[in-house]
Every structure is written in structure tokens, then in C-alpha cells.
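Chemist: Sequence:
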Amino acid sequence: MNKVTFIFIKTLITISIVFLVSHSAFSKELTLTGCSNIKTGFLEKVAQKYEEKTQVKIILSGGGSTTGIRKVSEGTSDLGSSSRHSLTDVAGNVQNEEKNAKLVQIAWDAIVIAVHPNNPVKDITSDTLKKIYDGEIVNWSQLGGPDKRIILINQDSTVSGFEHMFRGLIFNNPDYEIKVKSLNVNSSDTLERKIETTETAIGVTSLSSSKKRTLKLLSFNGIQPTKEALINLNYSMCMPIYATTNIKTTPESQAFIDYLLSEDGQKIISEEGALNIKEGTALEPLLIKLSKC
Numbered sequence: 009m010n011k012v013t014f015i016f017i018k019t020l021i022t023i024s025i026v027f028l029v030s031h032s033a034f035s036k037e038l039t040l041t042g043c044s045n046i047k048t049g050f051l052e053k054v055a056q057k058y059e060e061k062t063q064v065k066i067i068l069s070g071g072g073s074t075t076g077i078r079k080v081s082e083g084t085s086d087l088g089s090s091s092r093h094s095l096t097d098v099a100g101n102v103q104n105e106e107k108n109a110k111l112v113q114i115a116w117d118a119i120v121i122a123v124h125p126n127n128p129v130k131d132i133t134s135d136t137l138k139k140i141y142d143g144e145i146v147n148w149s150q151l152g153g154p155d156k157r158i159i160l161i162n163q164d165s166t167v168s169g170f171e172h173m174f175r176g177l178i179f180n181n182p183d184y185e186i187k188v189k190s191l192n193v194n195s196s197d198t199l200e201r202k203i204e205t206t207e208t209a210i211g212v213t214s215l216s217s218s219k220k221r222t223l224k225l226l227s228f229n230g231i232q233p234t235k236e237a238l239i240n241l242n243y244s245m246c247m248p249i250y251a252t253t254n255i256k257t258t259p260e261s262q263a264f265i266d267y268l269l270s271e272d273g274q275k276i277i278s279e280e281g282a283l284n285i286k287e288g289t290a291l292e293p294l295l296i297k298l299s300k301c
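By the count of the numbering used here, the sequence shown reaches residue 301 at its end, each step adding exactly one.
It is possible that part of the hints are untrue.
What the hints assert, rightly or not - The calculated lysine to aspartate or glutamate pairs, modelled on DMTMM-like cross-linking and capped at a C-alpha distance of 25 Å, are:
id, residue 1, residue 2
1, 187, 197
2, 65, 266
3, 36, 272
4, 57, 204
Hints were generated in silico from the structure; no laboratory data involved.
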């Protein structure tokens, strides 16, 4: 073998090794399943920045907090996102399908009441909201709006963490059964799109994800849902946001959790409309109250 041939082969081998290493790093993926509100609210942006930094792609999918928790527990998803505050039910039991999962708080968000931008109604009270869900108030004219039937759009509280927490806060029962006929959808993305296109609709979603849509957010008990209102403890419907991991967390999954909790990750969460951990410091005492939801 002459010197030129040897150098050529050595160069080719070096290029191949570099390609295989870089390709392997770039093709590394993690799956994250869970709450659509969190995905739209800030996880899409966090995942994008994480991939740019590490070349590890985070494949996001919705399905609800409970779905994410159970997929992580059974090992079919690397990570999850949850707006459910606890893995225990109202009786204090952990479901068998969730026994291998754990929650790590990464942010705070608000539960907001969303309507179509053309709806003239500006404020709603907790009592009025209960009456809508119970079918005692069925027309917008009863709230100073047009003479049109209220269309309640909701999600299954056994799947949706936001619906679960909302019913726990409003009705003191996360499994409270709605008495009025409603339009049941399978994700917050669908719920928000329905409200955007239905002038008589109303539904529950998150502050951070609602900012990505053309929605009108009603004041609740006279307080407009804003980050400032949350930080100052004026807006009452707030909740912690969690990442879900398996109790046997892999180094790759833990690395993404660490990024979410890092200065860069927390900065993105805040910029996207949620409260990061530091901003929500004053909300920590509420965790005791929320533990009952």
C-alpha cells in the first residue's frame, strides 16, 4: 500500500467516525407525553432550545396529564408533563398504573375561563361558574350577554389535569360530574380552537397556552388573570406544573429535567407566560390546599 492510498483510507475512516458519532448524537430522542396546555404553553419552546443546545430531540405529544403519568410509569414514554398536583386519588391511594411515576415541580400556571373574543361578558364569579356547570345558568343573557345558549366545552377530568384541578378547586371534588350537557373534547388544543371559532362557547384552559390563541379571558371574582395577579396572590385559581419521570430516571431524562430547572429553562418558562419556580415563591403555601385536589 503506497503512502497516498494509506492517507486516503485514513482520512475516509476519520470522516466516517465523525459522521457516525455526530449522527448518533443528533438522532438521540426522548419522548414526552402529557398535558397539552403545558406543551403549548412553554414546553415546545423549551424543547426547541434544548435540542439546539444538546442535539437531543424531545418528541412532544399530548393526551392529558394522567396519560402521561401512566405512560412514564409503564416505561412507554421517557418523560411526562402534568397539571395534576398529586399521584394519589381523593381516598389517598396511588393507582397501580401510576406507582412507578414521580412528579417534579417545574413551574406555576393559572386556570383561566376563556370565551370567544366577541363575547361582551367581562367577568364571572365562582358561584356563576358553578351554576353554568350545574345547568342553572344556560343562556348568556343571564350574564348580561346576548340571548344565546351557553356552549360549555370541557375535557374528561380523569384525563385532563387542568379539568381535574379546576373541579377540585371549584367543587372540592376533582371527579365532580357536570350536570349540564356539554361538548367534551380530548385535548386543550381542541378546546381552545373550538372557543376561538364558537362565539357562545366557554371553557377552562391555562394562562400560558391561552396566550398562543385568540381568546378572551374573563376576570374571575373581579380579578383579571395575569402573572402579576398570581405573584401578588390576588388571582385564586393557580396551580403547580410538573414534569413526570419514572422512579428509575435515566441520565438522559434527568438531563432534560435539570435543563427545565436551570436558569435558562426557567427563563424560557417565564417568557412563555407561566411562572417559574422563583416567581411563584409566594404561592408555595397553597400546595397544602391543593393537595386535597
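Chemist: Against this structure, judge whether each hint is valid.
Modeler: Results of checking the hints against the structure:
Restraint check: the Cα-Cα separation between residue 187 and residue 197 comes to about 24 Å, which is no more than 25 Å; the hinted pair holds. For the hint pairing residue 65 with residue 266, the CA-to-CA distance comes to about 15 Å; that is within 25 Å, so the pair holds. At roughly 21 Å between alpha-carbon atoms, residue 36 and residue 272 fall within 25 Å of each other, so this suggested pair holds. This hinted pair does not check out: residue 57 and residue 204 have alpha carbons roughly 29 Å apart, beyond 25 Å.
In terms of the numbered hints stated before, the structure departs from hint 4 and from no other.
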